[in-house]
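The working numbering puts the first residue of the sequence shown at 19, with every later residue one more than the last.
One or more of the hints may lead you astray.
[Unchecked claim] Simulated pairs of lysine-lysine, DSSO-like, Cα-Cα distance not exceeding 27 Å:
id, residue 1, residue 2
1, K155, K183
2, K149, K169
3, K97, K149
4, K110, K137
5, K97, K137
6, K109, K169
7, K149, K163
8, K155, K169
[Stated by the list, open to error] Derived DEER-like restraints, expressed as beta-carbon distance ranges:
id, residue 1, residue 2, range
9, E115, E65, 51 to 57 Å
10, Q69, E26, 23 to 29 Å
11, T25, K149, 39 to 45 Å
12, E164, T104, 47 to 53 Å
13, R57, I143, 19 to 25 Å
Please keep in mind that the hints were generated in silico from the structure rather than gathered at the bench.
These figures come from a predicted structure and were not determined experimentally.
Ideal Cβ placement from N, Cα and C applies to all residues, glycine included.
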Amino acid sequence: MEQLDDTELFTRIQADDRYAFSELVNRYSDILFRFIQRRVSCIEDSEDILQEVFVSLWNQRLHITIAYSLYPYLFQTAKYKIIDWTINEQKKIVRAEKLLANFQGESTSPTSEEELLAKELAQLIDTEIEKMPSTMKSAFSLSRKEAMSIKDIASELALSEQTVKNNISLALGWLRLRFK
């Protein structure tokens, strides 16, 4: 299988040859993953998008015409899957912002559904914080959860104040990117 070019490999894939499909996945996974990772930055989401690219190829295999290489088709599909992922992430942020605005703007007590959504959002944020490098996580947690000043955090973590500021900024950027 490794000696086959893309058109021969794809002809076999169209004939439902799963070994040919496995060869194709092996052939293009690394380069596609790097392409996706540069645009998404979250490893888990990049892996999910990569899987969606190959699932899409398998599902559409009978409707696709490949002239000489699968490379352009796969990268175009990856690009569109990244766009879809970005749109979905933006929708999540909008929902979270609306939920937050509702909590901040309401003088009445929140409904049980709103409380549940708030807890889920807090869990998502905590999960993302746990993925951060240790210094970034510590600086951000002390700043936001413990309400400590930059100076106190710097003293506690034995870092310069500028390093603490940088880590907090990076953490905020991390969260913005993740929930964008």
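Of the numbered hints stated previously, which ones are contradicted by the structure, given in increasing order? As far as the earlier hints go, 5, 6, 9 and 12 are violated by this structure, in ascending order.
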